[in-house]
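S.K.: Please put together the full structure from these sequences, using the hints given.
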Amino acid sequence: ILNVEQSPQSLHVQEGDSTNFTCSFPSSNFYALHWYRWETAKSPEALFVMTLNGDEKKKGRISATLNTKEGYSYLYIKGSQPEDSATYLCASAMIQGAQKLVFGQGTRLTINP
Amino acid sequence: NAGVTQTPKFQVLKTGQSMTLQCAQDMNHEYMSWYRQDPGMGLRLIHYSVGAGITDQGEVPNGYNVSRSTTEDFPLRLLSAAPSQTSVYFCASSLTGGLVQPQHFGDGTRLSIL
Numbered sequence: 088i089l090n091v092e093q094s095p096q097s098l099h100v101q102e103g104d105s106t107n108f109t110c111s112f113p114s115s116n117f118y119a120l121h122w123y124r125w126e127t128a129k130s131p132e133a134l135f136v137m138t139l140n141g142d143e144k145k146k147g148r149i150s151a152t153l154n155t156k157e158g159y160s161y162l163y164i165k166g167s168q169p170e171d172s173a174t175y176l177c178a179s180a181m182i183q184g185a186q187k188l189v190f191g192q193g194t195r196l197t198i199n200p
Numbered sequence: 117n118a119g120v121t122q123t124p125k126f127q128v129l130k131t132g133q134s135m136t137l138q139c140a141q142d143m144n145h146e147y148m149s150w151y152r153q154d155p156g157m158g159l160r161l162i163h164y165s166v167g168a169g170i171t172d173q174g175e176v177p178n179g180y181n182v183s184r185s186t187t188e189d190f191p192l193r194l195l196s197a198a199p200s201q202t203s204v205y206f207c208a209s210s211l212t213g214g215l216v217q218p219q220h221f222g223d224g225t226r227l228s229i230l
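Order-wise, the sequence lines are chains R and Y.
To convert, take the position in the first sequence, counting from 1, and add 87; that gives this note's numbering.
To convert, take the position in the second sequence, counting from 1, and add 116; that gives this note's numbering.
Wrong hints could be hidden among the right ones.
Said to hold, decoys possible - The list that follows gives simulated cross-link-like pairs (lysine-lysine, BS3-like), each with its CA atoms no further than 30 angstroms apart:
| id | chain 1 | residue 1 | chain 2 | residue 2 |
| --- | --- | --- | --- | --- |
| 1 | Y | Lys125 | R | Lys145 |
| 2 | R | Lys146 | R | Lys129 |
| 3 | R | Lys129 | R | Lys156 |
| 4 | R | Lys145 | R | Lys156 |
| 5 | R | Lys129 | Y | Lys125 |
| 6 | R | Lys156 | R | Lys144 |
What the hints assert, rightly or not - Label pairs and their in silico Cβ distance ranges:
| id | chain 1 | residue 1 | chain 2 | residue 2 | range |
| --- | --- | --- | --- | --- | --- |
| 7 | Y | Ser183 | R | Val100 | 38 to 48 angstroms |
| 8 | R | Lys144 | Y | Pro177 | 26 to 36 angstroms |
| 9 | Y | Gly179 | R | Asn116 | 47 to 57 angstroms |
| 10 | Y | Pro191 | R | Arg148 | 16 to 26 angstroms |
None of these hints come from the bench; they were simulated from the model.
Backbone N, C-alpha and C fix where the C-beta goes; we use that ideal spot for every residue, glycine too.
M.R.: Here is the structure:
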């Protein structure tokens, strides 16, 4: 069974600071890695989908990197704003189970004004 | 486009009752899936479908049935509700299978089983 771990579970950051958190997944038979942003009382919203080792994706102040050989992805937020407060989910799929997406438990980010 | 629409938003059932959670998408997506979200557990895949007429089990399929008679609809059936099925249920869809496309989520159905 694919096990996806996210750390830390929660994070408090001052407005204006930059932050990052980690998603770990089994490196063997890797297929795809997803990042989602989930605001309270809303539904998860896709940020990035990455498939290639060394991939880097960027959307505004948010960026992500992927290392498939060692099985981790980092999500970075530059200059945090209160509207960045949310839970950030990552999810991975393996080649053998390529139709099944397995989610981590999420990192809950709170930006203090 | 409405995107992914789930109904109902809230439901309370008694143990042993059956019900169907509805999910519809108007984006002509091939891939549809159901997840449940429990505190401390993250999103767990219940069932998924890669196209009309094709369904398969996810991580936690017991107690749930699905069917996919049309591209648009993917209902989730609870055959005999149990308190362990109290959860928030999310339906999601993506353009194709293979999971290299982002998932589009519905707003969720909050289900309580008494």
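S.K.: Measure nothing beyond the straight line between the CA atoms of Lys146 of chain R and Lys129 of chain R; if it is 30 angstroms or shorter, mark the hint as holding.
M.R.: holds (20 angstroms)
S.K.: Taken at face value, is the distance from the CA of Lys156 of chain R to the CA of Lys129 of chain R at most 30 angstroms?
M.R.: Outside the cut-off at roughly 34 angstroms; violated.
S.K.: For the range 16 to 26 angstroms, tell me whether the beta carbons of Pro191 of chain Y and Arg148 of chain R fit it or not.
M.R.: violated (39 angstroms)
S.K.: At the C-beta level, are Lys144 of chain R and Pro177 of chain Y separated by a distance inside 26 to 36 angstroms?
M.R.: holds (32 angstroms)
S.K.: Keeping to a limit of 30 angstroms between CA atoms, is the pair of Lys125 of chain Y and Lys145 of chain R held or broken?
M.R.: violated (33 angstroms)
S.K.: When you check the alpha-carbon spacing of Lys129 of chain R and Lys125 of chain Y, does it fall within 30 angstroms?
M.R.: With Cα atoms ~12 angstroms apart, Lys129 of chain R and Lys125 of chain Y stay inside 30 angstroms; holds.
S.K.: For a C-alpha distance cap of 30 angstroms, please report whether Lys145 of chain R and Lys156 of chain R respect it.
M.R.: holds (21 angstroms)
S.K.: Given the range 47 to 57 angstroms, decide if the beta-carbon distance of Gly179 of chain Y to Asn116 of chain R lies inside it.
M.R.: violated (29 angstroms)
S.K.: For the pair we were handed, Lys156 of chain R and Lys144 of chain R, check the Cα-Cα distance against 30 angstroms.
M.R.: Cα-Cα ~18 angstroms, so holds.
S.K.: Check the following: the C-beta atoms of Ser183 of chain Y and Val100 of chain R are separated by a distance inside 38 to 48 angstroms.
M.R.: holds (45 angstroms)
When held up to the earlier numbered hints, the structure conflicts with 1, 3, 9, 10 and fits the remainder.
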